[in-house]
Every structure is written in structure tokens, then in C-alpha cells.
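Visitor: Okay, here's what each chain looks like letter by letter:
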Amino acid sequence: MTRVLIGIALAAALGATASVASAQTLNTVKQRGNLNCGANGTLPGFGLPDAQGRWTGLDVDYCKAIAAAIFNDPNKVKFVPLTARDRFTALQSGDVDVLARNTTWTSSRDTSLGLNFTAINYFDGQGFLVRKALKVNSALELNDAAVCVQQGTTTELNLADYFRANKMKLKTVTFATSDEAVKAYDAGRCDAYTTDASGLAGERLRLANSNDHIMLPEIISKEPLGPVVRHGDDQWFDIAKWAHYAMVTAEELGITRANVDDHMKSENPDVKRLLGTEGKHGEALGLTNDWAVRIIKHVGNYGESFERNVGQGSNLKIARGLNGLWTKGGLQYAPPLR
Amino acid sequence: MTVIDTRGPDSGKPRVPLIYNPKVRGIAFQVLLCALIAFLVWEAVSNAADNLARAKVAAGFDFWNHTAGFDISQTLIEYSTASTYGRAFWVGLLNTLLVAGLGIVFATILGFIVGIARLSTNWLVSKVASVYVELIRNLPLLLQLLFWYNAVLKALPEMRDSLVIPGGGFLNNRGLFLPQPTFHHQALATLIAIGLGVALAIAFVVWAKRRQIRTGRQSPVFTVAMFFVVVLPGAVFALTGFPVEFMFPEKGRFNIRGGIEVLPEFMALLFGLVVYTAAFIAEVVRAGILSVSKGQTEAAYSLGLRPRPTLRLVIIPQAMRVIIPPLTNQYLNLTKNSSLAVAVGYPDLVQVFAGTVLNQTGQAVEVIVITMAVYLIISLVTSFLMNLYNRRVMLVER
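First to last, the sequence lines map onto chains A and B. Residue numbers for the first sequence follow my numbering, beginning at 1 and rising by one. Residue numbers for the second sequence follow my numbering, beginning at 339 and rising by one.
Chain A with its partners taken away, still in its complex shape (with noise of 0.2 Å):
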């Protein structure tokens, strides 16, 4: 991991001045034949792919989404799986083109990380994972104990934050990997792990007997989860920005990966800017006008996606709540397309 490193460092130190920070990303991509997506490779209903190799999840839809705006074909991204503490690097040398991978939008990583958080495909917040036998009830019952938390998060600070604010003991056990943490977790070295609660949901169906352990019902932190580019490429941005909004445009619309070539003949002016049979949304971006449409034929609306990889299609089962359309009292809102 070391090496990787090292090696995405002095990447970035020799890296051709073309690869970073150019304004011609789309062009770059264009030319490469695919979309380089930084993914989460062990999270299921986020970034995982299975024994065929076929990877699956919200934010694996997300480039696949991409990848069919720019090349009609959602099979065109190449995935690299990412662990929390490389990710930044990756982006940063150019190794991927965007960065879709379960991360919280924060202040510091929007600004001195020289990147651009383009939107929040998933509203979640930081809970904990504790086995049945130790009869906690509350978070807040945790003093002094040790919990297996993965490097390079936000998670990894909102833990001591927690601790400090409630004036509790901690003893943090740090991995590089999730993977890791949560096999020492199993393995008792912890009594508690954290990480969002989006991720515990995927991680305990992965523990041995996920029936011995319980979710807490403190979420102690706002982690707002969304894909992220690099600074110093506005059409790029716009780009990563709009292939979210297009997904939830979709289901606010009510167009689904079934019936988007009905809506093609629909006379509603929202629907034909967003299908791109009025006006030149697509172009604008860079794209086609039928930008949308190739998204929603290939990867569906947001709520399709949502329910497919972390909802009720899925193993994890979790419900809509904050991720809800804005309409239904979530907080997922696209701004207007026109």
C-alpha cells in the first residue's frame, strides 16, 4: 500500500502536465474510449464487484451513468478500486477522472484538496455496530472502549469528536482497509465499529453471524456522500454535477428505464428538455442532446438505481428516508432544467 503510495506521489510529481488539472477531461476520456472511475471495491450496494467481475452499486451506477452520456455505452468505465486513504491521491495525479467512492463532502477536501464535490447521490451519517452481548442500548454507553475504525475517513475524526464532546475513553484501533477493520472487529480485538451507516448495513450481512449484532441508534455525524472531480475543469464539473440531477430530474418526472422512449413523444415541457426533444441542454455540456435519455435507457432514474443496489431490490434493504425526492420529504432536489 506503501508503495501505491509512493508511487501515485511521484506519479503526480512527474505526471504529464496534460493529465492534471487540464479543462479537457471530457476530451481525454473521448480519446481513451473510457471513463476512469474511482470506486469503493468492497462495499456492497456502493462499489463491489462480483465473481464475475461485474461491478454493482449506487455510485458504480453513477459512472456507469456518465459513461453511457459520453459514449452511449455504460460498459465503457474502467473501475479502480480505491482504498479511503488513496483515494484523494488518485484523483489528484489524474489516475481517475472522477471519484465515486462512498465520500463525504467537507470543507477542507472541497477546498485545500483541490477538489470539486459535485453533488450528494446519498444522505448518510456515521452510526456504530455492536455485538448483542454486550447489551449496549446507546452510543453513549461506550466509554472506554475500543472500536475498529478504517483510515482516512471523516468517520475516523467524528469518532474522536464523539468521544471528546460526550467526555468518554476511547481506544481507536485503526485499518487501512475496511476490510481489515471489520475482520478484527469479528476477531473481538474491538467491542464496537463504525463507519456510516449506509456502510454497517453492507458490512454486517458480511460478519460471520450477522444475527449477533445490532446497529446503534445514535447517528452521530452528517455525511453527506457524493462524486467528486478536480478543480480547474469547469465542463468536466458541470458534467458530473448534471449526471446526478438528470437521474433525479428523471424520477421526479416519473420517466423510468421502461418507459423513456414513450416519454419521448411527451409534450411536457419539462420532460422534452430533459429528454433533449426541445432545446440544447446536452450540447451546452459538451454532450449530445439525447444525454439524458442514454443515461436513463442504461441506468435507470434515481430511484430505480436506489432501490436496485441499497433499497428494497437489495439485500441491504435500506429505506428511502433522506434520500427521498424532495416531493416525498427527502432531501434528494435537482435544480430546474432549462
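Simulated from the structure, these hints should not be mistaken for lab results. As the structure is a prediction and not an experimental result, all values here were calculated from the model. Even glycine gets a Cβ: it sits at the ideal position worked out from N, Cα and C. Heads up, some of the hints might be wrong.
Said to hold, decoys possible - Some chain A residues near chain B, calculated using beta-carbon distances under 7 Å:
hint : residue
1    : F88
2    : T89
3    : D144
4    : A145
5    : E156
6    : L157
7    : A160
8    : N166
9    : L170
10   : V173
11   : T174
12   : F175
13   : G188
14   : A197
15   : A201
Fit chain B to the known structure of chain A by using the hints.
Guide: Chain B only, in chain A's frame:
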């Protein structure tokens, strides 16, 4: 008319153009190479700076004094989540030095034992040593570390079923917990007694050696030295009324509090590094001993020396000349390998600084450069010290 060559055969070197002059050429090529390297370095640095500036990535070392905000499981100096990144760096560095220092000591001891055992005339002993060396040095260290870490975690009992160590310690899968001694100020007398004892012991050893050279008579050096170093301070300690108090570890709801805590991550890493490096050191020691010709042993025997003094006084001192340089390499390897700590969650320099700090600040270039510089300095200091020692044992040619 005959043309007489007035120049003798040795009247001067043949005049060749400057570009064919080997000396000039040599210098020119060296200058060119230096210029090329300087250019490449300058290009790389300025390119990196440009790229970082264009991407508006923070640069410089301001982050050093910013609040770190994360917790570290093992801290030899005071550290809290409110400490700075600079403090986190020192915590990580000390953890690296701790595991590397202890690793070097134990690996040397184990390596010498195994190396000598491999040359033993006892079939079983030498075969066991051979199997150990061949097994350990042919497996990747990372796998071994993961194996030891999981073996440690799986083999040890849970917190609630902790093994109780007589004298008030606990052992479980959270670590080894031992009573922590705190000394009262009367203990100062004991400290002085230890210093005095060591000084007396050294004085006695020097005196005994001189006496042996002069008269040939040996003195009971070990017994007398032990008396000065152990019995004298012990007596003082008892006379001042045992001025020590132990803080015993206690079971809490989740963990054991108080006392000295040895993390399982530390144990696994130390054990893995020692076992791995000792296999290499054993081979170095074996090669060193085999390099001393058999005639030396025979000469020592014919002088009436028994096998043990022969090994200690004749073979090992000569073998050391061969052993020291490759042994230095093994020490350097051990130190550098300690960076694999990240795989087992031990908070060494790479895990804390090149891991969490790098990620939180995003300043990959600065952090990696500092980390590399630190390993370079540690390695250079280690080899400097070993070279000093090597000069002492080197064959002095007269």
C-alpha cells in the same frame, strides 16, 4: 638529403585534439550527466509545483501545526485528538523506532542462536534450525505478519475470559496488561546504587584483566560483577523500605484500564519482524562462522581450549568481520519492513503520518518526502553506527 627526426621517441605525448583526450572526455561526460540529472530534478519539482498550484491544492508545511483531530492507539508521548499533525508525526516516529529497536535486539539474539544451532553436531538441533530458516525466509513477510496477527487475535481469550497473570496482569485479545510501577523519591538511592555498582563492576573487570595479563591468574569476574550490579542495589532498595507502588490494571465494562498496555498489533508486528529477520541473520552468522578456517579450531583445541571458549574467544571474533556488513543490511531491512505495520493496524510512522495525516491534509508530496527522509536518516544512522563497530573488529593489517 635525409630527414632527421629531431624529436626523440619520448619527447612528448602525441598531440591529439581535445575531444579525443580521455581525461577531458571523462570530465565532459560527468558534467553532462550532472546537468541532466539536475535538469530532471528541477523539471520534476517545478512541474509538481505547477500542477499543484493549478489544481489549487494546498502546498507547504503549514499543516504541521494544525489540529489533527484523530486518535492513535499507542502513544509513547502525550497525545490527544486536540494535538497537532506535527505531534502525530513524532508519535508515529517513536512507535517505529520502538518496534525497530526492540526488533533488532531480539532478532540478533534469535538469529545468533539459530545460526549456531544450524552448525551444531547434534542432528536434531541442526535440522530444526534448518527447517526454521528455510520455512521462514521463503515466505513473504506481509503474509507472515497477517498470519501472526490473526493467530494472536484468535488464540487469545476474549476480554471477559482474560488470562490472569500472577502478580496482577491480564492477557486477552485486547493486549497484554501489566502492573505499572511508580517509584517514590527514596528510590533515588537505589538508582545511585545501580550507577555505583556498574562503575565498580567495570573497574573490577578492568583490574581482573590486567591481573590476568600480568600473572596469568583468573578472577571470578562474573560473580563479583553480579554482586555489584544486582545485590548491592537490591540491598539498598530493601533498606530504603521498597519505595515502589504498582498501579494494577483493572477490568472495566469494556476494557482493562490502567497499568502498562502492550497492544496485540505491536506484539504481532514485533514477533513477525523478529522471526523473519532472525532467519536471515542466522544464515549470515552461519556463513561468518564457516568462513573461519578449520585450522583455527584445531589450533585452539591443541592449546587446550574447550569447545565453548573456542567458539567465544577464537571463532566468533574472527567471524564477526564477515558477519557485520551483511548484518547491517538485515538491521536496515528490519527497520524498513516495519512500515508493513499498516497491514496489522500498528500506528507506526507510515500508518499515522503517510496514512491518516496524508489523507486528511491531502498533501501527498510533502508528507511522502518527509517520510522518505525519515527512513533515509534512520538507515544512514544505523549503518554509520555499524560501520564504527565494523572498524573496531576489522582485521588490522600491520
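Visitor: None of the hints should be skipped; say for each whether it holds.
Guide: Going down the list of hints, with the structure as the test:
no. : hint : result
1   : F88  : holds (5 Å)
2   : T89  : holds (5 Å)
3   : D144 : holds (5 Å)
4   : A145 : holds (4 Å)
5   : E156 : holds (5 Å)
6   : L157 : holds (5 Å)
7   : A160 : holds (4 Å)
8   : N166 : violated (13 Å)
9   : L170 : holds (6 Å)
10  : V173 : holds (5 Å)
11  : T174 : holds (6 Å)
12  : F175 : holds (5 Å)
13  : G188 : holds (5 Å)
14  : A197 : violated (20 Å)
15  : A201 : violated (24 Å)
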